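**Q** The primary structure of each chain is shown beneath.
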Amino acid sequence: MREDTSGDRLSDSVDAGEIARFAALAEEWWEPKGKFRPLHALNPTRLAFIRQRLVSHYGRDGNQPRPFEGLSLLDVGCGGGLLTEPMARLGAGVLGIDAGAEAIRVAGAHAKESGLAIDYRCLTAEALAAEGHRFDAVLNMEVVEHVADLDAFLSASCTLLKPGGAMVVATLNRTAKAYALAIVGAEYVLGWLPPGTHDWRKFVTPSELTARLAKNGVKVTETTGVIYNPLSDRWSLGRDLGVNYMAFAIKEG
Amino acid sequence: MAKPTTPKPRRRAGAAVIECEIVVIGGGMVGTTLASALGGAGFEVCVIDREDPAAALEAGFDGRVSAIALGSQRMLAALDLWPGMAPHAEPILDIRVSDGESAMFLHFDHADIGDRPFGHIVENRVTRRALNRHLTASDSVRLMAPMTVVGLERERGGVEATLGDGAKVRAALAIAADGRHSPVRRDAGIATTEWSYPQTAIVCTVAHERPHHGAAQERFLPAGPFAILPMTDDGAVGHRSSIVWTERAGLVPALLALGDGEFTGQLAARFGDHLGALEVVGPRFSYPLALMHAERYIGHRLALIGDAAHAIHPIAGQGLNLGLRDVAALAEVLVDARRLGLDIGHGSVLERYQRWRRFDNVVLAAATDGLNRLFSNDVLPIRIARDLGLAAINRIAPAKRFFMRHAMGVLGELPRLVRGEPL
Chain F
1406 MREDTSGDRL
1416 SDSVDAGEIA
1426 RFAALAEEWW
1436 EPKGKFRPLH
1446 ALNPTRLAFI
1456 RQRLVSHYGR
1466 DGNQPRPFEG
1476 LSLLDVGCGG
1486 GLLTEPMARL
1496 GAGVLGIDAG
1506 AEAIRVAGAH
1516 AKESGLAIDY
1526 RCLTAEALAA
1536 EGHRFDAVLN
1546 MEVVEHVADL
1556 DAFLSASCTL
1566 LKPGGAMVVA
1576 TLNRTAKAYA
1586 LAIVGAEYVL
1596 GWLPPGTHDW
1606 RKFVTPSELT
1616 ARLAKNGVKV
1626 TETTGVIYNP
1636 LSDRWSLGRD
1646 LGVNYMAFAI
1656 KEG
Chain A
250 MAKPTTPKPR
260 RRAGAAVIEC
270 EIVVIGGGMV
280 GTTLASALGG
290 AGFEVCVIDR
300 EDPAAALEAG
310 FDGRVSAIAL
320 GSQRMLAALD
330 LWPGMAPHAE
340 PILDIRVSDG
350 ESAMFLHFDH
360 ADIGDRPFGH
370 IVENRVTRRA
380 LNRHLTASDS
390 VRLMAPMTVV
400 GLERERGGVE
410 ATLGDGAKVR
420 AALAIAADGR
430 HSPVRRDAGI
440 ATTEWSYPQT
450 AIVCTVAHER
460 PHHGAAQERF
470 LPAGPFAILP
480 MTDDGAVGHR
490 SSIVWTERAG
500 LVPALLALGD
510 GEFTGQLAAR
520 FGDHLGALEV
530 VGPRFSYPLA
540 LMHAERYIGH
550 RLALIGDAAH
560 AIHPIAGQGL
570 NLGLRDVAAL
580 AEVLVDARRL
590 GLDIGHGSVL
600 ERYQRWRRFD
610 NVVLAAATDG
620 LNRLFSNDVL
630 PIRIARDLGL
640 AAINRIAPAK
650 RFFMRHAMGV
660 LGELPRLVRG
670 EPL
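Quick mapping for you: the protein sequence lines, in order, are chains F and A. All letters in the first sequence, in the order written, are residues 1406 to 1658 by the numbering used here. All letters in the second sequence, in the order written, are residues 250 to 672 by the numbering used here.
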């Protein structure tokens, strides 16, 4: 495959037995009808938004097969790599970080099978920021509602961005509707997510997110709702920010 | 979409391994149209076909014609294939459906729904020739034929096809376009639902004295439908039509064995004398009729298209059109997935193709099967009922328009190519 050119950095430090063990787990992450089906279903909608906004922010040709060529991108809370791999295919130099060691091994094993050169590290955003790394783009997708210290997390995420760099955030709003749909609906009724996946009190409203990012010199330029249609089983973008929403933000400078 | 930026897939020096993105197994009309669409969108594609491409262009290989519906024509135009076919395509301006000896018939005039023809009748070899030229000129499609596939491994990260000469083709996705008896489908363990009809279609070309004026005729005779499809005039034989003559299977060997004079006599008895004297030109072909539908259109890193996924009764002339709809939907799904950086062989991508196409195909298969059962019947009450039905449809303009638009392939959630738009 075309991508299989440079060495896979992760494979240097992981032995073959581990790769095999985590490849089996990767199947679970990547099984379209398995545990992570909701994320697979949501992926095209999130990817289309990220792609379109980054292409336009960086003045890239959207008709090129690899429009992100030359951009450095950080995927925070990358899990099994469901968003990280598409970013690499679109040409970005990608680092995926996740606090879960198992997820990182899964992601590494899967990238190797897919012939993609992606760097994965088991690390928090705070620790990475302290190392001094900076990126053209940072993805914070479905992460902020899970972190213990939101201020510290967002501050580190903003630090990780180069001046003029772009951040995409996807999260859940703290509304009654989000409680009904994302917790009662998704966790208990549809059984999409294990009960306890989300804590409503940790959900962040768009205005809170905007204010906290602004404090760190990162300006939200756009917010959009991400809406699920249970009849067609499809996600789409829309004006209603009441449950799932995404924000696009740019760092000053 | 982007121009192809990568060189034509080639063998790597020293190793008989060919790397590409998509391997299409089966180089018939549907498989090569898909390859052409994907190659045009910048995918690196290998097509593997067991037949020699030169032999497949000869008149004796496939004597059939296809009805190219409006949607299919738009799609072929968007792929730049239509200009090569248009000079050999006869527009269908008029469709007459009649029921055996009965005077009742249904008449569709293209002027009822605008000034476009219902579709065109094109000889399959004309379509094959246009496709062959296209692929030969393509930078991103490699046609390997005649060549067999002896094995197909579908692994987590990709697929690997082993060829008859020992070479291997690696790709992210395999497409089975290997026909109704698809070995790829069988090896993937995808079950099918099949009905066979006690009928065989005799296909041949007739020259006739008077012009057909673009009229297609479908006669529902007791043994099955008898279709007269208008073809372009030929310099040597003059006015021509293609015949699809459905007959009780048991009678067909005897009919095919008749001398030219007797065979023409049998045919003329069904054809009638409205176009003057008839002469059968070229060989007679026969195709047993069977309906087949695969229970799934996708497997791990595998998608089925065309006859490998579904074979319907040729009564409505929709077989190739359905295959081309598969092509349009699958090409669009793959182009969209690549745009987003998704793995084109992933189940979540292929599932979109399956959902899109299965519904459409099931509806048409059921409708054509029902039509055939209804009309291949000589029981008097059923005859009367269907005569009244035909007459009723004929009088109700909206119902007629619906049937006409469906047959033209311009109803439903249309892929971009079927709307005539680029991928």
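These are computed hints drawn from the structure, not numbers from a lab. If you're wondering where the values come from, they're calculated on a predicted model, not measured in any experiment. The beta carbon of each residue, even a glycine, is placed where N, CA and C say it ideally should be. Please note that a few of the clues may not be correct.
As the list claims (entries may be wrong) - Some, not all, of what chain A presents toward chain F, calculated at C-beta under 8 Å:
#1 R299
#2 P302
#3 A304
#4 L306
#5 E307
#6 R405
#7 V530
#8 G590
#9 D592
#10 G596
#11 S597
#12 Q603
**Q** Please go over all the hints and tell whether each is borne out by the structure.
**A** Do the hints match the structure? See the list:
Checking R299 of chain A against chain F: minimum C-beta separation of about 27 Å lies over 8 Å; hint violated. With 8 Å as the threshold, the beta carbon of P302 of chain A stays out of range of chain F, its nearest partner Cβ sitting at about 28 Å, so the hint is violated. Among the interface hints, the one on A304 of chain A is violated; its C-beta lies about 34 Å from the nearest C-beta in chain F, farther than the 8 Å criterion. A cut of 8 Å between beta carbons decides the hint on L306 of chain A: the least distance to chain F is about 33 Å, and the hint is violated.
Interface restraint check: E307 of chain A against chain F, minimum CB-CB distance 38 Å, threshold 8 Å, status violated. Interface restraint check: R405 of chain A against chain F, minimum CB-CB distance 5 Å, threshold 8 Å, status holds. Annotation: V530 of chain A was flagged as interfacial toward chain F, and the flag is violated, the nearest CB pair being 49 Å apart, outside 8 Å. Hint status for G590 of chain A: holds, given a least beta-carbon distance of 3 Å to chain F, under 8 Å.
Given hint, D592 of chain A at the interface with chain F, holds; its Cβ is 6 Å from that chain's nearest Cβ, closer than 8 Å. Annotation: G596 of chain A was flagged as interfacial toward chain F, and the flag holds, the nearest CB pair being 3 Å apart, inside 8 Å. Annotation: S597 of chain A was flagged as interfacial toward chain F, and the flag holds, the nearest CB pair being 4 Å apart, inside 8 Å. About 11 Å separates the beta-carbon of Q603 of chain A from the nearest beta-carbon of chain F, more than 8 Å, and the hint is not met.
In this structure, the hints that do not hold are numbers 1, 2, 3, 4, 5, 7, 12, in rising order.
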